[in-house]
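K.L.:
Residues per chain, in single letters:
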Amino acid sequence: MPRPFPFSAIVGQSEMKLALQIAAVDPTLGGVLIFGDRGTGKSTAIRALAALLPPIEVVQGCPYQCRPSANGSKCPHCDAGLGSGDFAPSRTVARKPPPRPDRPTASIPVPMVDLPLGATEDRVVGTLDLEQALLDGTRRFEPGLLARANRGFLYIDEVNLLDDHLVDLLLDVAASGENVVEREGISVRHPARFVLVGSGNPEEGDLRPQLLDRFGLSVEVGTPRDIEDRMEVLRRRDEYDRDPEGFAKRWAAMEGRIRAALGRARDALPEIAVPDPILRRASELCLALEIDGLRGELTLIRAGRALAALEEREAMIEEDLVRIAAPSLRHRLRRDPLDESGSTTRVQRALDELGL
Amino acid sequence: MTGDGAHPVPDSGSPPLPRDPFALAALLLAIDPTGLRGVVLEGPTGPAPELWAGRFRELLPGRPPWRRVPTGITVDRLVGGVDLAATLALGRRVLLPGVLAQADRGVVVLPSAERLPPEVASPLLEACDRGRIRIEREGISDDLPARVAVVALDEAREGEAPTPEALRDRLAFLLPLPPRWTPEGLEGWNSAHIGTARALLADIELPDSLLRQLTVQADGPEGPVSLRPLLHALRAARALAALCASNPLPSETLARIAGALVLSPRGFPLPEEADGAESEDSGDQSSPPPQEPDSEAPGSEPAPPEPATREAPFAPPPAADSAATPSTAPGSDSPPPTGSEDDVPGSLLLPAEIARALLPEGLLEGSRTRGRSIRAAPGTRGGGELTRSHERGRRVGAEAGTPGRGRRLDLPATLRAAAPWQAVRRREAGATDGAAPIHLRIERSDLHVQRRVRSATRRTIFTVDASGSQALRRLGEVKGAVELLLADAYRRREEVALVVFRNREAHIVLPPTRSLTRAKRLLRGLVGGGGTPLARGLETAAGLATEATRSGTRPRIILLSDGRPNVDREGRGGRSLARSDAMAMARHLGASGVPLMVLDTSARGEPFLNELAEQMGTRAHHLPYADARGIRRAVSHDAEAHP
Chain A
1 MPRPFPFSAI VGQSEMKLAL QIAAVDPTLG GVLIFGDRGT GKSTAIRALA ALLPPIEVVQ
61 GCPYQCRPSA NGSKCPHCDA GLGSGDFAPS RTVARKPPPR PDRPTASIPV PMVDLPLGAT
121 EDRVVGTLDL EQALLDGTRR FEPGLLARAN RGFLYIDEVN LLDDHLVDLL LDVAASGENV
181 VEREGISVRH PARFVLVGSG NPEEGDLRPQ LLDRFGLSVE VGTPRDIEDR MEVLRRRDEY
241 DRDPEGFAKR WAAMEGRIRA ALGRARDALP EIAVPDPILR RASELCLALE IDGLRGELTL
301 IRAGRALAAL EEREAMIEED LVRIAAPSLR HRLRRDPLDE SGSTTRVQRA LDELGL
Chain B
357 MTGDGAHPVP DSGSPPLPRD PFALAALLLA IDPTGLRGVV LEGPTGPAPE LWAGRFRELL
417 PGRPPWRRVP TGITVDRLVG GVDLAATLAL GRRVLLPGVL AQADRGVVVL PSAERLPPEV
477 ASPLLEACDR GRIRIEREGI SDDLPARVAV VALDEAREGE APTPEALRDR LAFLLPLPPR
537 WTPEGLEGWN SAHIGTARAL LADIELPDSL LRQLTVQADG PEGPVSLRPL LHALRAARAL
597 AALCASNPLP SETLARIAGA LVLSPRGFPL PEEADGAESE DSGDQSSPPP QEPDSEAPGS
657 EPAPPEPATR EAPFAPPPAA DSAATPSTAP GSDSPPPTGS EDDVPGSLLL PAEIARALLP
717 EGLLEGSRTR GRSIRAAPGT RGGGELTRSH ERGRRVGAEA GTPGRGRRLD LPATLRAAAP
777 WQAVRRREAG ATDGAAPIHL RIERSDLHVQ RRVRSATRRT IFTVDASGSQ ALRRLGEVKG
837 AVELLLADAY RRREEVALVV FRNREAHIVL PPTRSLTRAK RLLRGLVGGG GTPLARGLET
897 AAGLATEATR SGTRPRIILL SDGRPNVDRE GRGGRSLARS DAMAMARHLG ASGVPLMVLD
957 TSARGEPFLN ELAEQMGTRA HHLPYADARG IRRAVSHDAE AHP
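Line order of the protein sequences matches chains A and B.
Note that the first sequence covers residues 1 to 356 in this note's numbering.
Note that the second sequence covers residues 357 to 999 in this note's numbering.
Bear in mind the hints are in silico, worked out from the structure with no lab data behind them.
Accuracy of the hints is not assured; some may be wrong.
Stated by the list, open to error - Computed footprint of chain A on chain B; a stretch qualifies when at least three of its residues, placed anywhere within it, have a C-beta under 8 Å from a C-beta of chain A: (1) 536-542; (2) 561-572.
Said to hold, decoys possible - These stretches of chain A come out as covered by chain B in the derived footprint (C-beta under 8 Å, 3 or more residues): (3) 113-126; (4) 220-231.
Glycine included, every Cβ here is placed at the ideal spot set by N, Cα and C.
Bound conformation, chain B alone:
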């Protein structure tokens, strides 16, 4: 670091470094918006994300462009397309730059980022990667600068998939913003401070030891994080160094803070933890959720502010040991601790305090709950899975053609096609009929029809009884059936999910996916045995089905069980309650209209399953030796019955 008085430093009156990680992230992102690329603010709709965004905007020097991307934005508005008005007026194609190009050197705000359809996500990713956006649409070819920072508001609730992983990977900060967050921590900070830090940014040199510290942190039991977050952590450390240039922090502290902000929320806790809580911790962490024998229900985890967090495995003990004593800071290549600690304003004297201040609030709860769910089920749906189903029946573009036979006229596209010709046609028409050029002259060749995503996506929700002795074999075969279905899912736009119920709980072991690769990874090492919470399983499946319907996907539920429930909806043991709860859920499902299929895997056929199926408006198929191909076949036949 070269923050030694040679540069203009934030004067001694500059406010103290915020303890609040959300405030600090706002500062760092304001300093290096194009390097850090942005933030995912996770949390319910409400004032907090807007407060954060508003305060962040005030920090940016020079009033840069600030564009909100509405949820239903079309690709041509995001990327750019034909300017209809100008094209009509001038008689030649005129480019109307899209939101991304308009926001060059500024910020785009993305509400409901978790529902980003792939055709919208893709240009965003391109802008993140290249800082430019290429337009190849409707006869227009251009390449415009689009250096944007993204503020993504992720309102996904528990169980719903978060923002596409491809985007999360490219933005530096994933912040679980508490609903009651207020920007107090940013009091006193303004764009002048940010401007000063920005000016220093280019000259900050970081020691190799800092890089090593971050790299070590970014290596978890399941393998290291993608390199992008690591690069972001490095940039965050640099921005922080620029921010504290007048009172440089030891490089170790820079790394800890940057690591806590960028890497911890991705499930890579600060390394001290590993020392303190290795045994309990690594056990918990290395086992993917499907293997967790008796972990709490997903439903019991959602509320971040749990007081117990500090003891939780992910919460590192305050970094007292190393960071408190500057003498343990890395030797020769650490920055000279110019300005004794006494110069640091406020109570944030000790690096340890800063680190501690940053660690507990919000972030670590985030890394605990979110972190686990991220690593278990990376929301890779940015691809072609659920997001694609969002567009079912939705217009995704236009192509030249005549309407009729189920093809619907696309009026804007037709007008766009006709627009540039108006001058000529008027001239031509004028020669013959001399009519006043009032009407639009649209010819057959202008006609465009709407292009829709072809067949609707179907979501097959396998709901599998993993209780008892047969569980493992049944699971193995279902896993095979899932993979067989996915192996040619590309053709039928089919996504598959797997709910497993056993003991007292039902788990979504495989969130809806179309990727065989992903299924194979998540289905490794399933465990079975224990009680039979059938109602719980059906309830979880019903949840996935509802989510599917809401997003335009057609769900169906396949239940595999030997039909001996003994755990009720509340997770209590007892056969009769368990049965009546299961019946109630079955009735509910039957009424919901979701196609259902019951595969009875018991040896001799279980009458209860027949009753259950009846409630669902279907009947049970007896499939005692259910093997992967058998299940696959049964399911395919059923699919033909319910196209």
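So here's chain A without its partners, still in its complex pose:
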């Protein structure tokens, strides 16, 4: 596999880079949607991010990358304690978890799973393992992309063009954190918690509002306008294309710094305080923008905490709120096609009115 372009070598695009880092610090945030011009390095940034994350500890051989310490994870592999995933067709998976400590663990890179537009449903949700079925007649589940993405990232390029039936399926799983499979005589449920990352060009079609709302953060990217910036993008890209290994080596130190910061932020996240005045401000902002539901406020707070953690503060401050307001809220605004101003402007206007 070709070595990914280093995250730190991406020129500009600070909002996109920040949003991706925040989503990595707090995987419960709901992922990131990146919409914008062609050739702005959307895919590049997402693939680069995976390389930055610290490896995760998993139960060895578990197709769902279960955390060794997690009990009752509803994992058919670990809960069954068989290490093989064997089970009869309609048997329910709920079993008493076996003792854990003796289970061998492994360290693997954070899963970064691509969902190609042409993927068929059976590969996404998983299907019957044919070879096993043919070999000894047992029905065994062959996990799909959703299983592979558990505890990692699921990346959909051109998410706005994804087939409706796959979108529905993803919505279900993203909401429940669990993939329930009933097909080909197989009955399985397994954990599928992943950070959903989507990218696309809005000129090729809009995203369904239901899916839009699932994303924690949404970022708009544009082609850099500054000549020097553009030249720098080209210089680096060209350098990378001609010698990926050497390029990666030159950026290794920068990458290491970001990696360490991400690790520290993840550790610090549970301790980050959110003072009451900030909470109130977040509610006021959502009210001013007429955002339905609590998702907006929750995202503001979570993203703000992750940002504070990244910048090594002990508590979220007003500035954090301002900085994450647009990416947290712009895709939740009520659509009014007759309003000429873009959603980013509307968020900014609301911030100004609140004196933020």
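Knowing the structure of chain A, use the given hints to seat chain B on it.
P.N.:
Below, chain B alone, put in the same frame as chain A:
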């Protein structure tokens, strides 16, 4: 550049650098096919694209894979899928790599690229971006190398949308190949020359000044080009430097040629123009077509070989001033002009000549006509617009299920599902009935049904009278209605187009789209006023309707007018001719069976519109204070009447 005799150079007997841009593009693409990614050859079907492709193929060293992608290709053939025969034989799933993987390190040829459906475009884009193709289909999961160069043949006619912008953006060259093109310019060139240049490619260093020159060129009045073409221009310059390693060209010339080949056809002319023709030019260029007060009809632009091109705003004056004198080449970081100019073979001594040679033919006509249409209406339909409508009623896949209730059996998918089980079933069956394993054993759980794109796309063609005093207000409201319709178009698979007629012309201001973002951008700053060429407007709308029907989309036309035509089909003034022409068009439309709706926006109701509507087999709705929401409502009601 390091082309100074240290390397094997094309011997002095190597043919002269072609003046013909199409020939030169073939050479450069042959040198760096995976870097430059490919070419879009624009032009009617005919011998020229095949000649180009054939000649290009001969230039490639080592006979790399060369695969043609038939227009109706299915995703599993492109990406890869279950090998039915092998699966049946072996009793386990066997992967049959798709065309993209089979063409690894080679070329895929894409006929009718303008009609690329999104599910086919997407894997192509992935191969362009990653050089690999991921297969997640029918129980098979794999990731295979697919480093391909794409030769896309774009046969879109005037008014039709070109190859999806997402693909155009990823291929280095967009070439409007003239129908009578011949590969003369490539005479003498062969794969050995290309091989030599390829070997040099990795060592070519380009100065920063070249990068700057290209970056400056790629910045137009409406903003800079996407970064991909810019990167391609850089790669083209490098390939060119490798090609001319024995007689290095000044970096400025490299940049000019690469810029002319890669950036000019995208509407970013060489910078000199900006000096020479700034005033006329920028005016023309910065105004999107909807604003052009009296530009020629789209129909008068199609033929590229216009002799007038040289004077046209896009055509740069020959680069005599800067490039002719090597002394003006960038200073210290420009390559040492080793080998005096006298060493250059043939008549192509002066860099200026090369640049000039490359500029006029074809390319610039292309940048003029095409360039404008590109920037006005980037064919972004690679997304979910017209291309999606191509698949209306077409099978787009299979899912497990039992046929019946309108669901049709998908035989291949069912067989694929059944294939791996045959051995087991035979064994099981053998235990009971001992029958010879002749028949396929298909069980209920194998059954697959065809999955089709759900509801058919509908294309609503607003045809709006922008003449007279009320024009602006009417346009504003229609714009609102278009945006309201699009705001939830995702649900109903609805695409919207807007035809505006005024003065002597009708223009497709908004080509069919489902993207609100795009509509908002294109509908900015519409202008109104002038005469009323109603027949022209209807004719243009009819064209869009026909195109829709051909591609499986259901069109309908909404006419908004106050019903006082005074310009006829030929663009001549005169009330009676204008009326009879409009009537004739109305009859034609009525006979075509396209659902029509007439919204009468005049103050008191215009009897002529009633007559017109009658000819169309409908009737006129009087909507004097047509506002965006009113129009939207009327249109929705109508839609329920014509589901």
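K.L.:
Now look at each hint and say whether the structure bears it out.
P.N.:
Hints and how they fare:
Only residues whose beta carbon comes within less than 8 Å of a beta carbon in chain A count, and the stretch 536-542 of chain B has 0; fewer than three means the coverage is violated. Remark: the stretch 561-572 of chain B is confirmed as covered by chain A, as 5 of its residues place a Cβ nearer than 8 Å to a Cβ of that chain, reaching the required three. Chain B is given as covering the stretch 113-126 of chain A, and this holds because 11 residues of the stretch bring a CB closer than 8 Å to a CB of that chain, at least three being needed. Judged by the Cβ-Cβ criterion of 8 Å, the stretch 220-231 of chain A is covered by chain B as claimed, because 6 of its residues qualify and three suffice.
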